[in-house]
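2 protein chains.
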Amino acid sequence: MAHIADSAARLEGEHLLAALRWRAAVKRFDPTRRIPAKTWETLEQALSLSPSSYGLQPWRFLVVEDKALRQKLQAASWGQAQIVDADKLVVFAARRPFGAEDVERHIARMAEVRKVSPSALEGAKKAMLGVLGRPPAALESWVARQVYIALGTFLTSAAVLGIDACPMEGIEPAKYDEILGLTAKGYSALCVAAAGYRSADDVWSASAKVRFPVDQVVERL
Amino acid sequence: MAHIADSAARLEGEHLLAALRWRAAVKRFDPTRRIPAKTWETLEQALSLSPSSYGLQPWRFLVVEDKALRQKLQAASWGQAQIVDADKLVVFAARRPFGAEDVERHIARMAEVRKVSPSALEGAKKAMLGVLGRPPAALESWVARQVYIALGTFLTSAAVLGIDACPMEGIEPAKYDEILGLTAKGYSALCVAAAGYRSADDVWSASAKVRFPVDQVVERL
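Chains A and B are the protein sequences, given in the same order.
Each residue of the first sequence is one higher than the one before, starting from 3 at the first, in my numbering.
Each residue of the second sequence is one higher than the one before, starting from 3 at the first, in my numbering.
For reference, chain A alone in the conformation it holds in the complex (with noise of 0.2 Å):
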């Protein structure tokens, strides 16, 4: 594969920290604007080149844009305006309970995409087995914090790509999931991130973004 640094496609660094900057949890959205569908295509793309523990994916993106549906979540989300007016809205659900055919499905994927026989896989899967040897309530943090990868991802990939997102925490999980059928599938939502444009009156994209000094939070060794 042609390496990226002696491709066209790299952004600079200052305009990866311009999109950075410009990123803000927006809280209202311009109901009105919608994402070209070849961007949103992008946008779940992006969800799904997300780097993960083995590459074992363990985590599904719901992509709401029934109206009924998102209601019923907006009643479950402390009634956040983002949840409707948001041109879409992401579910990220983490696999529950995470288990042996998932890393099966993942080394049967792996033998189809490199050809390869699945047998010849066989120390790739043991070292996977392995994550599923923690206590549940240790596994189950571990595929959440797989599924915030994939959340850093698509906050990234859509700050870059000038499109707008609202992470959420606050909502109701057990809600999410039953609405969305989620249980039955064998997922537990996690959070959601709204996603559009945002309004020319959202006052919190229109502040000074908060962190702390570099060298409070980067200690060089």
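Some hints could be false.
Any copy, or any two copies together, can satisfy a pair, since identical chains are not distinguished.
To be verified - Lysine-lysine pairs mimicking DSSO-like chemistry, simulated, CA-CA at most 30 Å apart: (1) K128 x K29; (2) K69 x K128; (3) K211 x K177; (4) K117 x K127; (5) K74 x K187; (6) K40 x K128; (7) K69 x K127; (8) K29 x K69; (9) K177 x K117; (10) K40 x K127.
Simulated from the structure, these hints should not be mistaken for laboratory data.
Given the structure is predicted, the values throughout are model-derived calculations rather than measurements.
Got chain A; can you put chain B on it based on the hints?
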């Protein structure tokens, strides 16, 4: 702030996807190649700009360059070569325990940056203090998830800049905490990312990326 959607800073969707497809968990780094200082500063800035719940930034990022220290960490990382071979090693550490003083510190910073009285931020502070109501294990898990948003931000940022990175959970956190003196500082290592440039003989990044088809991980409702 200018709308990035109108600026030259946007990345085209195809370029974002090219970067995300190019990135891989590189295991073999070229030990002779250094990331330009300006590019690395950009990545440190990107880390500091990462989103987190309420913007609380319950983290610290340790950039380890010292080779002797790297060797000690390698012994606490199952001997993995990228710990010492990559140009940089970032340790992602979570605030532990996360407490009321961390909320106070963020509120103070918010007052400073936005030039408002801390008393005007009492409502925000009260909401933020709400996160402390969780049981200790749930609070710890919540803090870890925030750190993983930063991991996703870092990996995506590195990819669009053409910098290789290898996220790694295979470390012994307790030993990292001891070697880096993190416990005394109130932080705990969760994972690391080696960063630099892939070696020409890195077989992992040369292999086809394995992902489930998008329609198996993204569901439109």
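Each hint tested on the structure:
In this assembly of identical chains, the alpha carbons of K128 and K29 lie at most 30 Å apart only when taken from different copies (19 Å versus 45 Å within one copy). Proximity of K69 to K128 under the C-alpha cut-off of 30 Å is found in neither arrangement, the shortest distances being 44 Å within a copy and 32 Å between copies. For the identical chains of this complex, K211 and K177 are neighbours neither inside a copy (32 Å) nor across copies (35 Å), given an alpha-carbon limit of 30 Å. In this assembly of identical chains, K117 and K127 lie within 30 Å of each other by CA distance solely inside one copy; the values are 16 Å within and 54 Å between copies.
When the C-alpha separation of K74 and K187 is checked against a cutoff of 30 Å, the pair qualifies only within one copy, where the shortest distance is 19 Å, while the shortest distance between copies is 44 Å. For a Cα distance limit of 30 Å, the shortest separation of K40 from K128 qualifies neither inside one copy, at 39 Å, nor across copies, at 41 Å. Neither within a single protomer nor between protomers do K69 and K127 lie at most 30 Å apart by alpha-carbon distance, with minima of 42 Å and 33 Å respectively. Taking the closest pair of Cα atoms, K29 and K69 come within 30 Å of each other only inside a single copy of the chain (18 Å); across copies the shortest separation is 45 Å, beyond that limit.
Taking the closest pair of Cα atoms, K177 and K117 never come within 30 Å of each other, the shortest separation being 41 Å inside a single copy and 39 Å across copies. Neither within a single protomer nor between protomers do K40 and K127 lie at most 30 Å apart by alpha-carbon distance, with minima of 36 Å and 40 Å respectively.
Consistency with the previously given hints fails for numbers 2, 3, 6, 7, 9, 10, ordered from lowest to highest.
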